[in-house]
Every structure is written in structure tokens, then in C-alpha cells.
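Given chain P's structure and the hints, the job is docking chain H onto it.
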Amino acid sequence: GENVEQHPSTLSVQEGDSAVIKCTYSDSASNYFPWYKQELGKRPQLIIDIRSNVGEKKDQRIAVTLNKTAKHFSLHITETQPEDSAVYFCAARQLTFGSGTQLTVLP
Amino acid sequence: ETGVTQTPRHLVMGMTNKKSLKCEQHLGHNAMYWYKQSAKKPLELMFVYSLEERVENNSVPSRFSPECPNSSHLFLHLHTLQPEDSALYLCASSYSSPGGERGEKLFFGSGTQLSVL
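Just so you know, the sequences run in chain order P and H.
At position 62 of the first sequence the residue is numbered 62 (the working numbering), and the sequence of numbers has no breaks.
At position 112 of the second sequence the residue is numbered 112 (the working numbering), and the sequence of numbers has no breaks.
Isolated chain P, as found in the complex (with noise of 0.2 angstroms):
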């Protein structure tokens, strides 16, 4: 079956700065990549996804870039806020998730 590894597992970056969180996965035959957003306490929101006949999508200040032939995509968040302190979850369809990313945006 479907594999997703996500790195890292924690990431701290200084207000304004930029945030790279990565996926890899395993099954050449998927199709549709989402990421959703978690706070604390809360369910998980899509944030943004991407199919895999694109490379890239953009939205204000998030994008995903999938490269299929290495079979790993990308979330990248920029000009970081502290409301973007979050668990980010990357998956493959909407049958495996990886294993989160603690965002934490230093104020």
C-alpha cells in the first residue's frame, strides 16, 4: 500500500520568515496530494492540494510543488504569522497521511 513520510517532524521559524515542510511517498498511481492544517484543539482544514498533472499551485501565501518522477511534493509558507503555528499534514489521497509537522512561528 501507500507510504507518506513527512520532515520534519518539528519546525520553528522566526515571524516573516519562510516555512518548507516536504512529503515523500511511495505509490507511482496517486493522483491528488492535500495538505490540511490543524490547531490545537481543533479539525483538520484543507489548506491547499495539488493533482499530479500540475507541478506547482499557488495560493496568497502558501504553495505546493509536487516533482512526480521523485514521487515527494512540498508545502511552502511565506511571510510566516503566528497564526500559521499549526500541525501540517500532508497526504496521498485522502488514504494516508503523513505524520505531521509542528509549525511553531516565533513572534
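Calculated from the structure, these hints are not laboratory results.
Treat each hint with caution, since some may be false.
[Stated by the list, open to error] Pairs of lysine-lysine, DSS-like flavour, derived with a Cα cap of 30 angstroms: (1) P:K71 - H:K36; (2) P:K71 - P:K57; (3) H:K40 - H:K18; (4) P:K71 - H:K22; (5) H:K41 - H:K22; (6) H:K22 - P:K57; (7) H:K19 - P:K42.
Just chain H now, with coordinates in the frame of chain P:
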């Protein structure tokens, strides 16, 4: 509010009890999911129902029994659980079945925090 409602929010049960978790979605989706979220572990997919038919089951122990009477309601029946089953159980819904091309965005409920004593 995402349109996915889970009850109860918290549940404490003994190992010999039988209880059920309930999920309801008001988004017109045709797929519903149960996930388990334990501390320090990834979200684990337990069950998927698409068009009311179970399409995937990741070898979940039989002490967890799902039921999907219609496309808007999903239950998780629990019996003779173990302490290691203590976790947050999340329900989610989406428009398409796994691998489908139409809008696979998941909408999660707030979860049921389960403690097994």
C-alpha cells in the same frame, strides 16, 4: 462549522461497554470516512463508505464496526475496546470516492475524544 457534525464530543467507556459514535454531514457529499488520530501518530484511515457501500477497510480490529445507513449518516459501533484504542476519532466527508476526479477535499468533523479505561 464545516457541515460535518460528530457526537458525542467526549466519551469515556470501560472495556466491556458498547457505545456508538455518530457522524452527520449536510454537504451533499457521497463519501464518508472514519479516521483515528492518536498522539504522535499520523491520521489513520479506518473505513470509507462511498454511495453507502464500504469500499476500503484497513484491517481495523473487529471491535470497531461501521454502519452507513445513508449518504448523510455514519456510525462507528464500539465494543470490548482496549486502552490502546483511546484516541480522537474523526469523521470526514467528501464528494468522491478514493481516486475519483471530482473534488476530493475532505471536510472533517470536530471529532470524538475517546478514553477507554
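How the hints compare with the structure:
Using a Cα cut-off of 30 angstroms, the hinted pair K71 (chain P) and K36 (chain H) holds, with the two alpha carbons roughly 26 angstroms apart. With a CA separation close to 16 angstroms, the supplied pair K71 (chain P) and K57 (chain P) stays within the 30 angstroms bound. A hinted pair counts as satisfied when its Cα atoms are at most 30 angstroms apart, and K40 (chain H) with K18 (chain H) qualifies at roughly 27 angstroms. Our distance criterion of 30 angstroms between C-alpha atoms is broken by K71 (chain P) and K22 (chain H), whose separation comes to about 37 angstroms.
Between K41 (chain H) and K22 (chain H) the alpha-carbon distance is near 23 angstroms, which keeps this suggested pair within the 30 angstroms criterion. Annotation: proposed proximity of K22 (chain H) to K57 (chain P) is violated, straight-line Cα distance about 36 angstroms (limit 30 angstroms). Pair hint K19 (chain H) plus K42 (chain P) holds up; C-alpha atoms about 23 angstroms apart against a cutoff of 30 angstroms.
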